[in-house]
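Participant: Taken in sequence, the protein lines are chains A and B.
The working numbering numbers the first residue of the first sequence as 11 and each following residue consecutively.
The working numbering numbers the first residue of the second sequence as 6 and each following residue consecutively.
Bear in mind the hints are in silico, worked out from the structure with no lab data behind them.
Among the hints, a few may not be true.
What the hints assert, rightly or not - Quick partial rundown of chain B residues pointing at chain A, CB under 7 Å, derived from the structure: (1) 42; (2) 249; (3) 251.
As the list claims (entries may be wrong) - Computed footprint of chain B on chain A; a stretch qualifies when at least three of its residues, placed anywhere within it, have a C-beta under 8 Å from a C-beta of chain B: (4) 88-102; (5) 124-136; (6) 147-155; (7) 209-221.
The C-beta atom is built at its ideal place from N, Cα and C for all residues, glycine as well.
The primary structure of each chain is shown beneath.
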Amino acid sequence: MRFALTRRSVLAASLAAPALWGRDAVAQIRRGDELTVGVWGGAQERLVREFCAIPLEREHGVKINFVLGGTPERRARAYAERGRPSFDLIYLNIFESRQAVRDGVTLAASSNVPNFENLYPVARLGGYGVAFNPVTIVYDRRKVAAPMTSWRDFWRDDLRGKVIWPTYPGAQGTAALLMAAKLWGGSETNIDPAFTNIARLRPFAAIQGSQDQLFGMFDQDIGAASVEFGSFTRTYAESRNPNIVIADPTEGQAIATNVACITTGTTKQALAEAFVNLHIGPDCQRAYAERIYYSPTIRNVTFPPELAAKLVLGEAAVAKLVDFNWDIVIQNQPRWSSRFTREIAG
Amino acid sequence: MNGSPRAGLLALPYGLWLLAAFAAPLGAVALLSVQESSEMFAPLSFVPSGAQYAELLGDRFYLRVFFSTIALGLVVAAVSAVLAYPLALWLTRLSPRWKPIGFAIVLVPLLTNVVVRSLGIILLLAPRGVVSGIGQWFGAPPINLLFGWFAVGVALVQVFLPYMVLALYDVLEGQERRLEEAAAGLGAGPAARFWRITLPLSLPGLRAGLIVTFLLASTAYVSATLIGGRKVWVSGMIVLKEGMEILNYPLAAALAMLMLFASVAGTILIGRGIAMFTPWIADRVPRRRLSLPPAMRRAMILIAEALAPIVSHVLLFFAIGILVFPLVLVAVASVNDSPQATVAQFLGFTWKWYGMVLQNERYLSDAWVSLQLALACVAVSLAISLPAAFALVRAGFKGRESLGAALMLPLALPGIAIGLGMLRLLQWFTALPPFLGILAVHVVLVAPFMLALLRASVAGLDRALEEAASGLGAPPARMFRRIILPQLGPGIAVACVIGFLISFGEVTVTAFLTTARLQTLPVRIYAEATFSLENTVNAISTIFILMTVALLVLVNRVMPLDRVWKR
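Based on the sequences and whatever the hints tell you, model everything.
Facilitator: Next up, the structure:
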């Protein structure tokens, strides 16, 4: 067979070449590539270094750079650099991640990542969910008349003046607000019942802005109950304060996930996908559960019964996590935030 | 350089640096503040709109927050001044050998993590805390002083007190002791001597301290967030919330600009106020004082002299207590075997946090970056702010006070707003070599502090010595080296220590600018704290405090913290 070296074929080839090259950079991992990952510090950094970065560096001769920081800075930078990112992969929380995909800042999840197939459906939104870290009721058993088993229990008489409400926005505050709406006949689209009824709880013992702050408040007997991540609270309860109970309310715990988001316009997409694939692999997921009680987002991982009891495992349990329409939540965030400041906290 | 307008040119390097490294982010913030649309990806419009300002000024909530923040700043500055005088006087009287330790005590709050410091405040003020405990001992019911303006004020005084003390230290140390001796010889008691001699002569230092603490306290937001329990709202929190959580940059920028205007106005007013009480500096005729009838005055003096020793000791006790308390907490926590740093009970002794810090090469390499950055930053800041201080003190031109306020601008804009401004400039910023880029920004943040402190020191120079030297034929360079520099020694040393600590600990703006190639230690600690604060942070603080003592001992050798010839 002979190739006809026509003008048209030369033109086509020359047009295609850069495209192929460009594709090459995105679709293949090359030695010497550097991947920039924006992630939280502490245990999270240690885990992804151990289970994602070091294996990749060994196998492919690449270099993984971490930029440590909080979610707000990372997110603000990703937005400022939309389309020409300096990060290849960033970690965000559930509602930020879905918004980022819609805003064209990060890419939606795809089956390019082999372990994508094992993810629960709810962990496939807004990028690759790497951990369930649900928000629930936590309380001091010495200070309540009876165990708390429902979100409605915050309105019980024995908790009057003892509630430590979480600030809004923020994962805990958002969950608390939306659960309150559901409870009192409202929803994401009808938030009034939430505000009216939360306002009824005033005066609060305090308003908390972070887990560290809440644990300090529990230490100091400032209040009886709040809304917090179950995982961190479990560590706190087991190491410092055995009186703290992590409740499993009948209405369900509110979903919160950590999400790995590959930035739009990255030139290292393949490498980023390989990184994520390791993160949602069974080894890394198991280590997360063992060390910091984050629940796995994949189906194909098993745990000893004692640990399993402290996690959200299996289709049924995951399905029971309460999810919300985050589009509406995000759209309303400025309004709700301003209402919260004035009607609840102020 | 005596009163000639040309001496104003000495402020040029400083001005140029601000223009190069600060005008751009400030411009970005200013431009954002006049956008009509709050939409994140709306194209920048160059047609100014007052929509954001109108929204802020038309909303009573924002207005209340804005004015209460300014009031908080003023109260914190005033309380810091009251506590700082006994402390600064105590520091000047310490023997040379103990001086570095005294300084280290003053600097403790600047060396400890803000979350840990807040925990200290919580332990003090909670219903089961120290203050309530003392009250209960006297039969009072348990009180909760937390989560309100009082607690936030205490936290801010604690962290900004060191700036006030250091601003006062140098002018008090440089004061002519013979004046006080003369007054004592004429029968003035300690209270009268303080009121008539020490206080008036230290006013230039007080001005530096008031301006710095007012600017810091009115733009601060972290303590209010941690200790205010969301019942306290300050402007900085709104900028953070609107800018970072809701991504409404224009509104955040507009509020930041309003804060900037208020800060500049505050700076000028404080400067004017101090100038009114120091007419001799500008060779003006003093204003007539209101005076009491002699009998009442005698009674007042008697009461003041009787109370002065008690009051000054009580204040000194409080000031040292509030400074040292976090140190105890940090040192204990650094060997506490608890997974979280914010623990209020001791669970067991361990060295493991130190091990985690000292064996982890990442901490060490980040600390090395921070160290290089801080040293370079102090060197550059000193080189530009010392001449600028001379310009502000000695040049004779109109609008000197306004120039002084303009050079303090970076302190008046909340750090978070500078960060938001830098976001818009990231693509140009990332084209710079990373070290140089962050250095440029750190100098902008540090130089105003050093300028404020050095300005007071330069104002305290004894001009007669210079005139004598020049009369004896000393060329300007030698006069600077032999006459001016030795007198400025303690002032420069103090300014450098403060500058070093600010750069070494900066995180608000740096968190926006770190890249994979350059990461500082505080940003790493901050990133870890956003996940869960471990006791490594306390181990680091303890190491910092020990290193600071060592550094101060060294500084004291090279550049004595007091004026040797006056001993």
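Participant: Taking the hints in turn, state whether each one holds.
Facilitator: Okay, the hints, checked on the actual structure:
With a least beta-carbon distance of about 13 Å to chain A, the hint placing residue 42(B) at the interface is violated under the 7 Å criterion. Taking 7 Å as the C-beta contact cut-off toward chain A, the hint placing residue 249(B) at the interface holds, the least distance being around 4 Å. Checking residue 251(B) against chain A: minimum C-beta separation of about 5 Å stays under 7 Å; hint holds. For the region 88-102 of chain A, the proposed coverage by chain B is satisfied: 6 residues have a C-beta within less than 8 Å of a C-beta in that chain, meeting the threshold of three.
Counting residues of the region 124-136 of chain A whose CB lies closer than 8 Å to any CB of chain B gives 0, which falls below the minimum of 3, so the coverage claim is violated. Counting residues of the region 147-155 of chain A whose CB lies closer than 8 Å to any CB of chain B gives 0, so the stated coverage by that chain is violated, three being the minimum. Coverage of the region 209-221 of chain A by chain B holds in this model, with 5 residues showing a Cβ closer than 8 Å to a Cβ of that chain against a need of three.
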